[in-house]
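K.L.:
Protein chains in written order, with the working numbering: chain A, 1 to 113; chain B, 1 to 114.
Think of the hints as simulated: they come from the structure by calculation, not from any bench. A couple of the hints might just be wrong.
As the list claims (entries may be wrong) - Covered stretches of chain B, as calculated for chain A (at least 3 residues, CB under 8 Å): (1) 13-27; (2) 68-81.
What the hints assert, rightly or not - The list that follows gives simulated cross-link-like pairs (lysine to aspartate or glutamate, EDC-like), each with its CA atoms no further than 20 Å apart: (3) K56(A) to E102(B); (4) K57(B) to E63(A); (5) K68(A) to D84(A); (6) K71(B) to D96(B); (7) K105(A) to D96(B); (8) K105(A) to E52(B); (9) K49(A) to E85(B); (10) K49(A) to E15(A); (11) K49(A) to E52(B); (12) K41(B) to D67(A); (13) K83(B) to D38(B); (14) K56(A) to E15(A); (15) K105(A) to D38(B); (16) K18(B) to E52(B); (17) K71(B) to E102(B); (18) K49(A) to D67(A); (19) K70(B) to E52(B); (20) K57(B) to D38(B); (21) K7(A) to D38(B).
All of these numbers come straight from a predicted model, not from anything done at the bench. C-beta: ideal position from N, C-alpha, C; glycine also.
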Amino acid sequence: GDSVTQKQGQVTLSEDDFLFINCTYSTTTYPTLLWYVQYPGQGPQLLLKVTTANNKGISRGFEATYDKGTTSFHLQKASVQESDSAVYFCALVNTGGADRLTFGKGTQLIIQP
Amino acid sequence: GGIITQTPKFLIGQEGQKLTLKCQQNFNHDTMYWYRQDSGKGLRLIYYSITENDLQKGDLSEGYDASREKKSSFSLTVTSAQKNEMAVFLCASSMDWGGAYEQYFGPGTRLTVL
């Protein structure tokens with residue numbers, strides 16, 4: 001079945017540091033890939049979405065590139081702020097299969113002031 | 001814009017108890033979902049409903065029932081709460097079924113079973 005792997009359970013950075021959150025996936029087709037962000041006390045909200053047609057998503061300073069060769073969809077941001085502290089979930093939709101979201105386990109980002 | 005409301009925000013139950021969680025959305029969305037979020041395990045789909053009166057099992061449906069009597073509301077019942085169970089239950093909705101449609105999430109109901 002489909003799966004999404006986020007190896008980092010927690011990332012701790014200082015303001016203005018570069019952010020890199022690892023995400024790899026396994027599926028039988030070329031899925032749509034997504035990043036959701038969950039702020040404390042809230043439900044997840046869509047941060048960015050990438051399909052095979054566009055390869056790269058950019059939103060609010062975050063970017064992720066769809067790499068079919070390495071089946072990866074890492075999230076990056078050049079300079080993090082304290083307000084970016086949240087849990088980040090990588091997810092995929094297998095549009096040729098069950099057409100439902102499969103989530104990774106999430107990566108908690110802690111930004112120290 | 002719209003909003004998803006989940007009640008209650010916190011739910012404390014006893015082992016073996018039947019517990020009901022409620023979700024309302026005013027997006028006028030057709031599809032609604034219930035997910036379970038455990039620490040370090042991501043989100044897992046319990047039930048979803050493509051339209052009013054429709055119910056579909058997700059990956060984690062055992063131990064739960066669901067009900068969609070109206071387009072705007074979707075309820076989840078824990079049929080027999082398990083001791084020491086702690087999780088957040090998230091309700092979501094989307095315009096239609098399918099990965100192309102963004103899912104909007106509510107703030108969650110945090111369940112603790114004593």
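K.L.:
Hints first: check each against the structure and report whether it holds.
P.N.:
Against the structure, the hints:
1. Given a C-beta distance limit of less than 8 Å, the hint that chain A covers the stretch 13-27 of chain B is violated, as 0 residues qualify and 3 are needed.
2. Residues of the stretch 68-81 of chain B lying with their CB closer than 8 Å to a CB of chain A number 0, which falls below the three-residue condition for coverage.
3. With a C-alpha separation of about 17 Å, the suggested pair K56(A) and E102(B) falls inside the 20 Å cut-off, and the hint holds.
4. For the hint linking K57(B) to E63(A), the alpha-carbon distance of about 34 Å lies beyond 20 Å, and the restraint is violated.
5. Distance hint between K68(A) and D84(A) is unfulfilled; the C-alpha atoms sit about 28 Å from each other, more than 20 Å.
6. Of the supplied pair hints, the one linking K71(B) and D96(B) holds, its CA atoms being roughly 12 Å apart against a limit of 20 Å.
7. Simply put, K105(A) and D96(B) have alpha-carbon atoms about 25 Å apart, too far for the 20 Å limit, and the pair is violated.
8. With a C-alpha separation of about 31 Å, the suggested pair K105(A) and E52(B) falls outside the 20 Å cut-off, and the hint is violated.
9. Of the supplied pair hints, the one linking K49(A) and E85(B) is violated, its CA atoms being roughly 33 Å apart against a limit of 20 Å.
10. Of the pairs offered as hints, the one joining K49(A) and E15(A) is violated, with about 25 Å between alpha carbons and a cut-off of 20 Å exceeded.
11. With a CA separation close to 28 Å, the supplied pair K49(A) and E52(B) exceeds the 20 Å bound.
12. Our distance criterion of 20 Å between C-alpha atoms is broken by K41(B) and D67(A), whose separation comes to about 24 Å.
13. Using a Cα cut-off of 20 Å, the hinted pair K83(B) and D38(B) holds, with the two alpha carbons roughly 15 Å apart.
14. Note on K56(A) and E15(A): the hinted pairing is violated, with a Cα-Cα distance of about 25 Å set against a maximum of 20 Å.
15. Between K105(A) and D38(B) the alpha-carbon distance is near 9 Å, which keeps this suggested pair within the 20 Å criterion.
16. Restraint check: the Cα-Cα separation between K18(B) and E52(B) comes to about 24 Å, which exceeds 20 Å; the hinted pair is violated.
17. Distance hint between K71(B) and E102(B) is fulfilled; the C-alpha atoms sit about 18 Å from each other, no more than 20 Å.
18. With a CA separation close to 14 Å, the supplied pair K49(A) and D67(A) stays within the 20 Å bound.
19. At roughly 6 Å between alpha-carbon atoms, K70(B) and E52(B) fall within 20 Å of each other, so this suggested pair holds.
20. Under the criterion of a C-alpha separation no larger than 20 Å, the hint pairing K57(B) with D38(B) is consistent with the structure, at around 19 Å.
21. For the suggested pair K7(A) and D38(B), the alpha carbons sit about 17 Å apart, so the restraint of at most 20 Å is met.
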